[in-house]
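Start from chain A and add chains B, C, D and E with the ligands according to the hints.
Residue numbers (my numbering), protein chains in the order written: chain A, 1 to 250; chain B, 251 to 490; chain C, 491 to 730; chain D, 731 to 951; chain E, 952 to 1168.
Note that these hints are calculated values from the structure, not bench results. No incorrect hints appear here.
Which chain E residues face chain C? A few, computed with CB under 10 angstroms, are given here:
{"no.": "1", "residue": "1069"}
{"no.": "2", "residue": "1078"}
{"no.": "3", "residue": "1079"}
{"no.": "4", "residue": "1081"}
Model, not experiment: these values are computed from the prediction. Built from N, CA and C at the ideal position, the CB exists for glycine as well.
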Amino acid sequence: DQLDTVIQRGTLNCGVVLDFPPMGYFDENNQPAGFDVGYCNDLAAALGVESNILNLTWGDRIPSLISGKTDVVIGSTSDTLERAKSVGFTYPYFVFKFQVIASKDKNIQSFDDLENLKVGAALGTTYETEYLAYAEKKGWGTDNYTAFKSENDAYLGLYQGKVDAVISTNTNIATKLQSEEFKDFAAGPFVPNYDDVVGLIAKRSEGAWISYLNLFLVHQIRGGNMNTHYNTYFGSDAPADLIQSLRDNK
Amino acid sequence: MISIQNVHKSFGDLEVLKGVSLDVQKGEVLSIIGGSGSGKSTLLYCINAIEGIHKGKIFVDDVDVHSKATNKDKLRQKLGMVFQQWNSFPHMTVLENAALAPRIVKKMSKAEAIEVAKKELVHVGLGDKFDVYPTKMSGGQQQRLAIARALAMKPDYMLFDEVTSALDPELVGEVLDTLRLLADEGMTMICVTHEMGFARDVSDRVAYFHEGVIAELGEAKQVITDPQNPLTQKFLSKVR
Amino acid sequence: MISIQNVHKSFGDLEVLKGVSLDVQKGEVLSIIGGSGSGKSTLLYCINAIEGIHKGKIFVDDVDVHSKATNKDKLRQKLGMVFQQWNSFPHMTVLENAALAPRIVKKMSKAEAIEVAKKELVHVGLGDKFDVYPTKMSGGQQQRLAIARALAMKPDYMLFDEVTSALDPELVGEVLDTLRLLADEGMTMICVTHEMGFARDVSDRVAYFHEGVIAELGEAKQVITDPQNPLTQKFLSKVR
Amino acid sequence: MDYEFHWNVVFQNMPELLNGAFVTLHVSVLAMLLGIVIAILLAIAKMNNSKPYCYIATTWVEIARNTPALFQIYMAYFGLGALGIHLSPYVAVLSALIFINAGYLTETFRGGFQSIPSTQYSASKSLGMTSIQVYRYIILPQMLRRIYHPMTNQFVWSILMSSLGILVGMGELSGTTQRLQSLSFRTLEFFMVAAVMYFIITKLVLFSSSLLSRKLFKGEI
Amino acid sequence: MNSLFTPVSWSDTGFILTGVMNTVTISIVAIVLGTLLGLAVGFLRAESSKVVNILLGGVLDILRSVPLIIQLILFSTFIGVMGYPLDPFVAGSIILSLYTMAFMSEVFRSGFESVHQSMRTSARSLGMSYAQTIFYIRLPIGLRAVFPSWLGVALSVIKDSALVSVIGYMELLRTSDQLISRSQQPLEILIGVGIFYFIISYPLSSYGRYVERKMAI
Ligand SMILES: Nc1ncnc2c1ncn2[C@@H]1O[C@H](COP(=O)(O)OP(=O)(O)OP(=O)(O)O)[C@@H](O)[C@H]1O
Ligand SMILES: Nc1ncnc2c1ncn2[C@@H]1O[C@H](COP(=O)(O)OP(=O)(O)OP(=O)(O)O)[C@@H](O)[C@H]1O
Ligand SMILES: [Mg+2]
Ligand SMILES: [Mg+2]
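Bound conformation, chain A alone:
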């Protein structure tokens, strides 16, 4: 099976989306970096094989798995039941909260303050769906909404002033806010009642491989690697509630 294949091959082909800092991005040397990249390397080390990072677009994730180009995709994949019909998910390895980032002078206190603001998000993400569902429920319409092809473009749009606020993940927002460019911006409210729980994905049929990956995730937490990466890319220890919810496989 897949597990044997990887070990015999001697390399782990690990797909990452490098368009989603700080989980995956290019550093100033234009090399892959980020939390997910760290996980790839740890997994390869655990298997005792070389790590081969493949840069995927969001759309590449499934085909790359099915075709065997990648053995596993560590790419912040939200574990919806719809998607699970197509692909095999591990236990969660990270939980994002969806949050608003906007310029400080907009002074956003609650999600309802977005009503008359221009809001953006990355196309096809779960938080886009959540925002649109919320907007529909409140009768805001979609005129104020702008989709971006990627997370990076959404921040660029925010930075340029195309939109007043962007919905993104709490982790991404936190790292952005530490940068000089976004000093005039502030994190706003969370999207009500929603956590984005993400897992690694592998071929749906590879049960044994997925249980190996599940165990790997447990060891990442138990062995402290998780916290190390969190420190590197988020600048603090991993919050206890995050660790707890991952342990609970929530």
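Relative to the frame of chain A, chains B, C, D and E with the ligands by itself:
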């Protein structure tokens, strides 16, 4: 009467007409022959004010063609012209081709214009082609259409510029026959032509053009069969 | 000797040759005249095996042209052919045009081919044009090039298909002179032509084609000046 | 092959796809219409040889023809964004398409105009027509026929190129497809349907264009 | 904590150059393959019967009527799902070449057909074989006649190669996209990219029009 008086005309540095004088009386048929580039077409264009001139004068019925005061569009209604290349309007039927100018230039009603057009088309033998598109017709038929189209404007003079040169040999006859018919009806005509037989038989006078001047001008039979100027002799022997 | 025996040929439903028989002896010059679409070109193409035939036989020097066993590319080397138009290869100089077929078809060495080509180009009066591209030459020169190119293959027979029809009247003479020269040298020739003067003066016999059959065939002067068949008379009066 | 096709999710989302197709169609129509208007002005400017206008027109045409459409769209979206000019994805794609259409059509119009033999002008003049009449009745109708086909092609091109809206998150057919497929991970199914829809749209456009041309243009040229 | 935003600097030259090289490489591959395939298909279409033509035409029609971007996504996904994962360069080259072929084949077909039947007949009448006629007459004349259109298609391929970025090929535009994300300086980078395309495309397209004008005379 068309009166051409010492006309000079250049294209840039190239002097094409170098002092041409010529009178064409009402009812007269004049043929112009001469080598390629000798300025025959240019002269016709100048008579029609499609090209300007640099020296001299041209009068059509005592109107100075190239004077600023002359309404040239008006003037051209008097002067029908047919060119070497079939100039039918390809996007209109034969009837529309012939009726267009009467309608939009002479402001006839549509019915009137069509009536005039039909009459002239029958005149040139295209009575059965009203609704055909010109591109579907032979070159000879297209030339006859061009003649009918010009005639529909009831011009006083007709200018023909090598109207048979681009035709297959078998089609030349039908067009020449049409010209002959017009000549017989007394139309005043200036015909640039390479058909020596036609020039000899149909026209009253023939002018031989050589490098922008009239090298010989005389009674038709004489110029064609017994040219005086050695240049004319040489030219005629070449085109046989 | 070219022997054409009761040849039939159709394009789809259209029967273009309806039983043509004709013998052309070595050294003879035969002109074919006739209206447009009467099948003149088609006959030449059939002689050359460029078109197939449906009935009858054609022999060139006792070789059955349309037999499966005949190597047609080989056969065509015997039969030089010049067309109305589109003869020169625009991407080669005059010399390359004439030297190409000897080199690649007859497999001569380059030097030999060029020698032959030069000789024939001089023959037709293009001795000063070796390195010119054909598109830079007049139509008459291009036709003479086509003749030289065919001659460079040392053919036993030459087929000419209206070689002057697409030319300006002033250029016709030079090409006809070249044909005359070949005739005088004893080349066997079949010439489809609209030039009645040429047909009369240069050829031995003239065949008049009408709707796919030979309506009249006879001694040249007789057919042109005193045609027997009323169809020939009518045709000749039209092309005058 | 290790893949099962799930088509039902695509059919559930058909209304959204059709809506995307509609956006595709109307952004291309608008881009075409405005492109034509600008191209006419540019073509006139180019043919008039009046220096400043001619220069502007030439620059426009050359930039439009010599840089990728994708570049134009990024430029309209983020490039102008950096200057504080904020176009919505729709407007950014629209203006990029207008820009390119105008550039290409300028040359089409100019070529079409120059392809009418000048003898048509002389012949009309010799019948006593005024210059305006010559254009109205002779030159323009013939020109329209000649540019009709290239214009249709340009329109089809616009439809296909509007698919670049996917890259600025525009909700046209490709953008919608992209969004829907990432919700269910049914990449193949969604894009196959999108491909078929594009094919049908372009065929419909070509078909109706040839119907129209048969109605408009009777004689051949 | 790693910094997310860093301005573009000279140290990025290599990265940009890789993008440039990748754009150039995939363009050349697509133009070469597209031209060769286009030649073959164009010749086939010029020479073959109506039925073959309709079949071939139908396939080419699909390539021309579906946006390139969709073709790229579909193909790279499909071939992956089939179990033959290709890297973006290979997948991109295949689709871009086929796409190019679809346009090139029309160009060459008209080139072959532009050699007048009578000229082919003249060649045959000199005793040249069918193959010799193709090789010595139709190819050289036809290719010359279509050079400007060929160049036009080739240039549009260079521009269209930007779309291969959607399947992850690091060509110039995707490279710059990355730099934009990192530096938040879109205007400067995009202008640079525009200039690059322009200096490749403009002289060639001007040359093409020059040749076209010369041939028209
Ligand atoms: N619009 C123009 N611009 C520049 N030169 C021109 C123009 N029209 C004609 N010419 C030149 O003027 C000369 C005379 O031309 P014209 O057409 O009057 O000759 P032609 O006697 O009619 O010859 P042909 O028998 O070939 O028609 C030629 O050398 C021609 O090239
Ligand atoms: N390849 C072809 N396919 C179908 N019909 C053809 C073909 N070639 C010639 N024809 C038809 O055959 C008839 C005879 O043609 P052909 O060219 O032999 O006439 P022609 O006597 O040479 O006339 P012209 O003087 O116009 O050259 C014409 O009606 C023509 O349309
Ligand atoms: Mg003239
Ligand atoms: Mg013929």
